[in-house]
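Visitor: What follows is each chain in one-letter form.
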Amino acid sequence: KAGVTQTPRYLIKTRGQQVTLSCSPISGHRSVSWYQQTPGQGLQFLFEYFSETQRNKGNFPGRFSGRQFSNSRSEMNVSTLELGDSALYLCASSFDPNTEAFFGQGTRLTVV
Amino acid sequence: DQQVKQNSPSLSVQEGRISILNCDYTNSMFDYFLWYKKYPAEGPTFLISISSIKDKNEDGRFTVFLNKSAKHLSLHIVPSQPGDSAVYFCAARGTRFQKLVFGTGTRLLVSP
Chain S
5 KAGVTQTPRY LIKTRGQQVT LSCSPISGHR SVSWYQQTPG QGLQFLFEYF SETQRNKGNF
65 PGRFSGRQFS NSRSEMNVST LELGDSALYL CASSFDPNTE AFFGQGTRLT VV
Chain R
20 DQQVKQNSPS LSVQEGRISI LNCDYTNSMF DYFLWYKKYP AEGPTFLISI SSIKDKNEDG
80 RFTVFLNKSA KHLSLHIVPS QPGDSAVYFC AARGTRFQKL VFGTGTRLLV SP
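Protein sequences appear in the order of chains S and R.
Our numbering puts the first residue of the first sequence at 5, with every later residue one more than the last.
Our numbering puts the first residue of the second sequence at 20, with every later residue one more than the last.
Next up, chain S with everything else stripped away, as it sits in the complex:
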């Protein structure tokens, strides 16, 4: 059974640009969550989607947005990139929001 797949694995962008990250959940999983990991900050929750609906949103500015498609695949978008957006972005999927989440390997975003 394939795990959670995130693309791309690495990305370098310039300040002011926008970026879209993709996440394909484990087959059969309908819940997808996104997290940002920066050194010393642990995993900060961005948002959670279940059956194409955003169920929860973390404390991030409106430049961070996401969506989920009918096949449960999810994308997150960050507009007007700032240097502080450099981080590892992790996607996790679960069968539903009340079961354990399985993580992808993440996308390492570097903003220069």
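Hints may contain errors.
Unchecked claim - Heads up, simulated BS3-like pairs for lysine-lysine below, C-alpha to C-alpha not over 30 Å straight-line:
1) R:87 to S:61
2) R:24 to S:61
3) R:118 to R:73
4) S:61 to R:90
To be verified - Some but not every residue of chain R turned toward chain S, in silico, with C-beta under 8 Å:
5) 63
6) 65
7) 118
8) 119
9) 120
No wet-lab data here; the hints were simulated from the structure.
No residue lacks a Cβ here, since even glycine has one placed at the ideal position from N, Cα and C.
Use these hints to put chain R onto chain S, whose structure you have.
Guide: Same frame as chain S, now just chain R:
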């Protein structure tokens, strides 16, 4: 507001001995707790979980203890192995909030 706290950023243990990783939480609405292990450049891997209706859950070398009155949980690894060296995150979730809230992680180093 750090609702899940891992106050020890690092822990060093000798191979064969017990590793004890601690986690405290502040939100009494949390009722499901998980531990994840993370190697560099990889996503977190689910280890073990515990529901608030239990005070102990075992899975092989890993045991999680929950003390609801103290709002404290711990992960015991016995015996510790060098391959256990990683960053360990505890996470908590409530049935009403559902999103996972992570601690900042504890880096475990098991030396031969």
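Visitor: Could you run down the list of hints and mark each one as holding or not?
Guide: Against the structure, the hints:
1. R:87 to S:61: Measuring from Cα to Cα gives roughly 27 Å; hence the hint holds.
2. R:24 to S:61: Holds - the C-alpha atoms of residue 61 of chain S and residue 24 of chain R are around 21 Å apart, at most 30 Å.
3. R:118 to R:73: holds (21 Å)
4. S:61 to R:90: holds (25 Å)
5. 63: Interface hint status for residue 63 of chain R: holds (5 Å vs cutoff 8 Å).
6. 65: holds (5 Å)
7. 118: holds (4 Å)
8. 119: The hint holds - residue 119 of chain R has a Cβ within 8 Å of chain S, the shortest such distance being about 6 Å.
9. 120: holds (7 Å)
When the structure is compared with the earlier hints, no violation turns up for any of them.
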